[in-house]
Amino acid sequence: MGDRQEYQGKGLGLVDDKGRVAIPSALRTTLAKNAPRDDGKDGGTVIIAPHPTYRCLIAYDPGFIETLKRECEVRDEAHVAATGASDYNILARAGAAELLPFDGSGRFIMPAFERRYARIEEVAFFHGTFKWITIWSPRVMIETDGIDPFLKEAVEFQCAEKGIVL
Numbered sequence: 001m002g003d004r005q006e007y008q009g010k011g012l013g014l015v016d017d018k019g020r021v022a023i024p025s026a027l028r029t030t031l032a033k034n035a036p037r038d039d040g041k042d043g044g045t046v047i048i049a050p051h052p053t054y055r056c057l058i059a060y061d062p063g064f065i066e067t068l069k070r071e072c073e074v075r076d077e078a079h080v081a082a083t084g085a086s087d088y089n090i091l092a093r094a095g096a097a098e099l100l101p102f103d104g105s106g107r108f109i110m111p112a113f114e115r116r117y118a119r120i121e122e123v124a125f126f127h128g129t130f131k132w133i134t135i136w137s138p139r140v141m142i143e144t145d146g147i148d149p150f151l152k153e154a155v156e157f158q159c160a161e162k163g164i165v166l
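Counting in full-length UniProt numbering, the sequence shown runs from 1 upward without gaps.
Keep in mind the hints are simulated off the structure, nothing from the lab.
Hints may be right or wrong, so weigh each one.
Stated by the list, open to error - DSSO-like mimics (lysine-lysine), calculated; alpha carbons at most 30 Å apart, straight line:
id	residue 1	residue 2
1	Lys-18	Lys-131
2	Lys-152	Lys-41
3	Lys-41	Lys-69
4	Lys-152	Lys-131
Kindly produce the complete structure, drawing on both the sequences and the hints.
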């Protein structure tokens, strides 16, 4: 796993009526390196899941599955130690992931339920957090308490540059 690249960067992706969206370039390049196609062609596999805390999505490569599973098991063990009972929601939420192909341009079809859950409509804000990529509705990100003001201003700036009114 030492060859796995970390996700850094941010950008907007326009979402069409069918849910097609392109992962911004810097993040797409890292994802393609972490999840190359078996046939050697451009593109690869992206996994989309609900964020463990926020009303947004996370995206990651198949090589991160074991790490995420271990992190969830550690959180559940801490819950067992504190309460005497397992919190099955920890693993259930992480396991509610969709493996999706993306093409050489980073386009993939974001599943309808996941878009609905994250309140993503015409635009999605992608943000690298080293271990995964968060995918936000810009409006939801701005309205969410506890999000870094830099990120909120970054999404406002990028939307304004594209003429997207929030």
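Is the hinted pair Lys-41 and Lys-69 satisfied, with a Cα-Cα distance of at most 30 Å? The given pair, whose Cα atoms are some 29 Å apart, holds under the 30 Å limit.
Satisfaction of hint between Lys-131 and Lys-18, Cα-Cα up to 30 Å: With a Cα-Cα distance of about 28 Å, the restraint between Lys-18 and Lys-131 holds, given a limit of 30 Å.
Check the hint pairing Lys-152 with Lys-131 against an upper bound of 30 Å on the C-alpha distance. holds, 20 Å
Please verify whether Lys-152 and Lys-41 have alpha carbons no more than 30 Å apart. violated, 36 Å
The structure shown violates just one earlier hint, number 2.
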